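Asks: Chain by chain, the residues:
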Amino acid sequence: MISLSQDRGLLSHPDALHVAQQAPLVLKDAPKTISASPWASLFSAPDTADLWITYENLLLSCLRSGDDKSAIECLDRITARFGSQNERVMALTGLGKEATAKGDEQLQHILTEYQEILGENAANIPIAKRRVALLRSMGKDSEAITALGTLLDSSPTDAEGWSELADLHLSQGHYPQAIFALEEVLVLVPNAWNMHARLGEVFMMAAASSSDAQLKYRAEALKRFARSVELCDHYLRGYYGLKLVADQLQEDKIRSKPKNDPDSFTIPDQETLARLSEVAMERLADIVRRYKAGEPLWQGYDSSAIAAAADLLDKTKQTLVR
Amino acid sequence: MADIPVQTLHRDPQLFYWILIPITIVMVQTGVLRHYASVLLQTAPKKQDAPAMREQRSLGRGVALRSNYHSLSKKSFESRRDYLISAYENGDFLKEPEKKGQPPANPMSDPGAMDGMMGMMKNNMAMMIPNTLIMSWINAFFSGYVTMKLPFPLTIKFKSMLQAGVQTKDMDPRWMSSISWYFLCIFGLQFVYVFLLGNDNAASQLNQQMQAQQMPNPMMGGPGQDPDKQFKAEAENLAVVDHYSVLDDVEGRLLASLKKA
Chain L
1 MISLSQDRGL LSHPDALHVA QQAPLVLKDA PKTISASPWA SLFSAPDTAD
51 LWITYENLLL SCLRSGDDKS AIECLDRITA RFGSQNERVM ALTGLGKEAT
101 AKGDEQLQHI LTEYQEILGE NAANIPIAKR RVALLRSMGK DSEAITALGT
151 LLDSSPTDAE GWSELADLHL SQGHYPQAIF ALEEVLVLVP NAWNMHARLG
201 EVFMMAAASS SDAQLKYRAE ALKRFARSVE LCDHYLRGYY GLKLVADQLQ
251 EDKIRSKPKN DPDSFTIPDQ ETLARLSEVA MERLADIVRR YKAGEPLWQG
301 YDSSAIAAAA DLLDKTKQTL VR
Chain D
1 MADIPVQTLH RDPQLFYWIL IPITIVMVQT GVLRHYASVL LQTAPKKQDA
51 PAMREQRSLG RGVALRSNYH SLSKKSFESR RDYLISAYEN GDFLKEPEKK
101 GQPPANPMSD PGAMDGMMGM MKNNMAMMIP NTLIMSWINA FFSGYVTMKL
151 PFPLTIKFKS MLQAGVQTKD MDPRWMSSIS WYFLCIFGLQ FVYVFLLGND
201 NAASQLNQQM QAQQMPNPMM GGPGQDPDKQ FKAEAENLAV VDHYSVLDDV
251 EGRLLASLKK A
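Respectively, the protein sequence lines represent chains L and D.
Each residue of the first sequence is one higher than the one before, starting from 1 at the first, in our numbering.
Each residue of the second sequence is one higher than the one before, starting from 1 at the first, in our numbering.
Among the clues, some could well be false.
[Unchecked claim] Not the full set, but computed from the structure, chain D residues with beta-carbon under 8 Å of chain L:
id, residue
1, Q29
2, Q48
3, R57
4, R61
5, L65
6, S73
7, I156
8, K159
9, M161
10, Q163
11, V246
12, R253
13, L254
14, L255
Treat the hints as calculated values from the structure; they're not laboratory data.
Being a predicted model, the structure only gives us computed values, none of them experimental.
We put the CB at the ideal spot given by N, CA and C, even for glycine.
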């Protein structure tokens with residue numbers, strides 16, 4: 001059973017569907033309105049934050065799975081409680097409209113609505129973020145980047161915004177910008193292991209597409225992956241990346257002698273690289289084995305990630321046999 | 001030591017019904033009323049406009065960079081530092097760039113700060129007025145009675161507090177008058193309010209006193225502080241950071257920790 005009282009922005013598709021199917025039941029049980037009178041609160045359900053987060057999660061899941069009726073019911077209840085001028089409610093209302101809009105024309109209309117709201121109050125962050133997301137989903141990536149840039153200029157301590165910017169730049173192939181944005185995320189949340197690994201991945205992609213700074217990028221990618229698994233013991237992506245980049249660097253080093261650049265990280269020697277690769281292999285094999293054996297605490301991995309790791313393991317074995 | 005004979009007083013049981021219970025009921029009701037009055041009087045917190053938000057969060061960015069610089073490589077850290085220091089010193093992030101270098105406005109003339117003060121005034125008023133009224137009401141109607149005996153002994157010092165309005169020299173301080181029942185109610189009804197009104201009610205005075213004590217440190221960028229000076233100070237703080245990266249020798253640490261495990 002998935003608890004609805006936590007923030008559930010990132011449910012997988014089957015989970016979201018499952019949640020949405022229960023929506024009518026939950027809506028029936030949960031109170032429709034909350035009375036502010038002290039006597040009523042003695043007898044009826046309390047007005048807790050949990051209840052409203054549940055509604056919000058239900059709304060998101062219902063919109064994803066196309067249950068617009070329940071979604072609108074959730075939205076109505078949220079609006080009745082917090083008023084339509086609340087910034088978060090405004091964003092949720094906008095989200096509902098976006099999801100039920102038919103055709104580009106309506107989306108364009110919603111976009112102008114967002115612009116009007118932002119014209120009145122430029123500090124309305126939820127709406128500004130919706131605008132960026134809508135621009136992106138309409139395929140106007142460069143406009144989305146500009147809009148997000150304005151948002152981040154006035155609110156530069158927003159880690160979510162920076163990571164979205166990194167994603168946008170990455171989708172456009174702007175590697176240095178994506179790296180900058182991800183570094184900005186790490187300044188705000190220095191212990192986010194997934195962000196370290198993500199930055200490592202971006203460095204790998206940048207290395208693959210550039211010709212002159214390959215070694216420099218890969219050296220930093222190695223450091224990032226290593227930091228990621230140092231922070232989180234069983235992070236599959238971290239080990240996967242570590243294995244790839246360590247092998248890659250071993251080959252690179254045979255081919256060319258790295259210059260000493262004071263600005264970039266030094267590449268570890270061959271022996272360390274070999275051991276890092278070996279350790280990453282061991283860990284990956286361990287994770288894959290435990291996942292496939294169905295050990296209860298090891299089922300949190302994404303099945304496609306496990307498949308990719310198993311694939312990598314097979315390939316390495318083949319080269320070893322040869 | 002000779003036993004002090006236990007003082008017994010014959011009280012009219014009606015005192016209990018006509019003094020203790022009315023005072024308690026009135027106290028509870030004023031608490032509930034005060035809660036709703038302060039909810040009504042409350043002004044919604046003022047929304048920050050975009051330039052003010054930018055000013056505050058840009059400062060926050062510098063603070064974040066200063067405390068988490070270790071997750072960056074030297075080169076990226078230095079480019080960020082150079083940018084932030086020059087922007088801070090030029091006052092690029094200021095809400096009102098033209099006012100740079102001028103002394104901060106008098107908080108009394110700033111309407112934003114006035115709002116906060118009015119809020120505090122309202123709260124204080126909502127607390128003081130009912131208290132004065134009830135106390136004078138009790139003094140007018142119920143003074144001069146001994147209403148109950150506390151179940152625990154007390155020293156003589158409590159006499160003036162508990163037996164206000166009863167001028168009897170030798171009476172045991174355990175006997176208390178109606179006014180002291182009022183004081184007990186002030187402090188003892190908190191749990192009743194929590195039950196009736198929820199945790200963050202405005203009825204109990206203890207809560208408000210506690211809040212008042214936690215208030216003193218002003219918020220970042222709050223009124224009365226010169227943001228330009230804050231930026232300059234932050235620029236200096238950034239300038240003296242001696243960079244190291246957590247990525248230096250991370251693979252060595254990783255291998256060592258894995259070997260141990």
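Asks: Each hint should be assessed against the structure and marked as holding or not.
Replies: To see whether the hints hold, each was checked on the structure:
no.: 1; hint: Q29; verdict: violated, 12 Å
no.: 2; hint: Q48; verdict: holds, 6 Å
no.: 3; hint: R57; verdict: holds, 5 Å
no.: 4; hint: R61; verdict: holds, 4 Å
no.: 5; hint: L65; verdict: holds, 5 Å
no.: 6; hint: S73; verdict: holds, 6 Å
no.: 7; hint: I156; verdict: violated, 42 Å
no.: 8; hint: K159; verdict: violated, 38 Å
no.: 9; hint: M161; verdict: violated, 32 Å
no.: 10; hint: Q163; verdict: violated, 35 Å
no.: 11; hint: V246; verdict: holds, 7 Å
no.: 12; hint: R253; verdict: holds, 6 Å
no.: 13; hint: L254; verdict: holds, 5 Å
no.: 14; hint: L255; verdict: holds, 6 Å
Figure legend: structure checked against the earlier numbered hints; hints not met, in rising order: 1, 7, 8, 9 and 10.
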